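Peer 1: Line by line, the protein sequences are chains A and B.
Residues 1 to 180 in our numbering are what the first sequence lists, from first letter to last.
Residues 1 to 180 in our numbering are what the second sequence lists, from first letter to last.
Because the hints were derived from the structure by calculation, they are not lab data.
What you are looking at is a predicted structure, and each value in this text was computed from that prediction instead of being measured.
A virtual CB, placed ideally from N, CA and C, is assigned to each residue, including glycine.
Check before you lean on any hint, since a few could be wrong.
Unchecked claim - Computed footprint of chain B on chain A; a stretch qualifies when at least three of its residues, placed anywhere within it, have a C-beta under 8 angstroms from a C-beta of chain B: (1) 26-40; (2) 50-60; (3) 87-98; (4) 119-132; (5) 168-176.
Number of protein chains: 2
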Amino acid sequence: MEQNLSDTIPLLARTPAALNALLRDLPETWTLRNEGGNTWTAFDVVGHLIHTEHVDWMPRARILLEFGETRAFDPLDRLGHVRPSQGKSLGELLEEFAEARAKSLDELRALNLQPGDFERRGRHPALGAVNLSQLLAAWAGHDLTHLHQISRIMAHQYRESVGPWRAYLGVMQCAGHGSA
Amino acid sequence: MEQNLSDTIPLLARTPAALNALLRDLPETWTLRNEGGNTWTAFDVVGHLIHTEHVDWMPRARILLEFGETRAFDPLDRLGHVRPSQGKSLGELLEEFAEARAKSLDELRALNLQPGDFERRGRHPALGAVNLSQLLAAWAGHDLTHLHQISRIMAHQYRESVGPWRAYLGVMQCAGHGSA
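The task is simple: from the sequences and hints, build the whole structure.
Peer 2: In structure tokens, the structure reads:
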């Protein structure tokens with residue numbers, strides 16, 4: 001069950017516009033509050049999506065294609081977005097994400113991948129052997145994980161306000177699943 | 001911890017555009033597949049959002065304001081979207097949702113609610129006494145629940161394709177929480 005570029009690319013292409021439509025100029029209640037403790041805000045998540053766009057997906061695809069399993073991908077700094085996001089508005093981050101994503105997709109299309117390429121293998125620093133198809137599918141899955149997370153962070157802000165409806169609102173039962 | 005209309009309305013106003021940006025013209029892999037069994041597709045969810053817009057939120061607010069606790073809200077038919085969605089394209093449903101939501105928000109603004117109104121109580125057919133503030137918060141929470149659900153339905157389509165990355169993708173650990 002391999003990902004198909006004709007499914008993966010349209011999803012990757014839409015995420016920036018979807019986040020822009022959801023978040024731009026939204027009150028800070030939704031965008032600058034987190035789920036408590038050290039958890040992330042929607043603002044943080046958009047910063048993380050920019051960071052992973054720069055260091056994670058296409059850079060890893062290039063390492064895989066160039067070095068195969070002989071060179072592991074660079075580990076991801078999960079706080080790598082903090083400093084570059086400082087002092088920026090959410091609107092600026094949303095622009096930056098859209099530009100970074102468009103550039104990544106141009107690079108992906110320029111690779112002109114052929115059917116045999118998707119089975120080529122690389123080495124993830126923690127997960128071990130992975131192939132290019134899995135990496136591309138995970139890129140799409142990462143967008144969806146963070147869209148899922150943003151909807152949950154936002155819902156958290158109204159967890160008391162909804163009163164007894166809380167029992168009916170699935171997003172308010174979602175414990176966050178650790179990774180995001 | 002009451003919802004605030006100046007937070008609730010901007011969120012409600014953005015959901016149709018966010019879903020439109022995410023879903024319009026996306027391959028059917030993402031929009032017409034479900035999570036197995038009788039679960040919903042993204043197409044079904046948009047149909048449900050239209051249905052609840054017509055029968056649930058503003059209609060219930062009006063019953064609450066007119067009858068207080070003396071008349072329970074009409075129960076929601078959770079399959080009420082099935083027949084009205086038949087034969088339509090997802091693009092048509094997204095239009096219909098945007099129109100229905102804009103109309104609801106016009107009606108909500110026209111009520112010109114005053115601070116004291118938010119504490120007025122009505123009767124939910126299953127949950128019992130609820131107030132107007134909770135109803136409005138639940139409307140926003142319902143949007144977020146279904147955005148959360150759509151991201152999970154879509155991620156489900158790549159649960160095998162991502163290979164070992166599955167462990168890192170929170171959305172793929174989300175069991176669905178029964179209600180959505």
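Peer 1: If a hint holds in the structure, say so; if it does not, say that too.
Peer 2: Here is what the structure says about each hint:
1. Coverage of the segment 26-40 of chain A by chain B holds [criterion: at least 3 residues with CB-CB distance below 8 angstroms; count 4].
2. Look at the segment 50-60 of chain A against chain B: 0 of its residues bring a Cβ nearer than 8 angstroms to a Cβ of that chain, fewer than three, so the hint is violated.
3. For the segment 87-98 of chain A, the proposed coverage by chain B is not satisfied: 0 residues have a C-beta within less than 8 angstroms of a C-beta in that chain, short of the threshold of three.
4. Given a C-beta distance limit of less than 8 angstroms, the hint that chain B covers the segment 119-132 of chain A holds, as 5 residues qualify and 3 suffice.
5. Counting residues of the segment 168-176 of chain A whose beta carbon lies closer than 8 angstroms to any beta carbon of chain B gives 8, which reaches the threshold of three, so the coverage claim holds.
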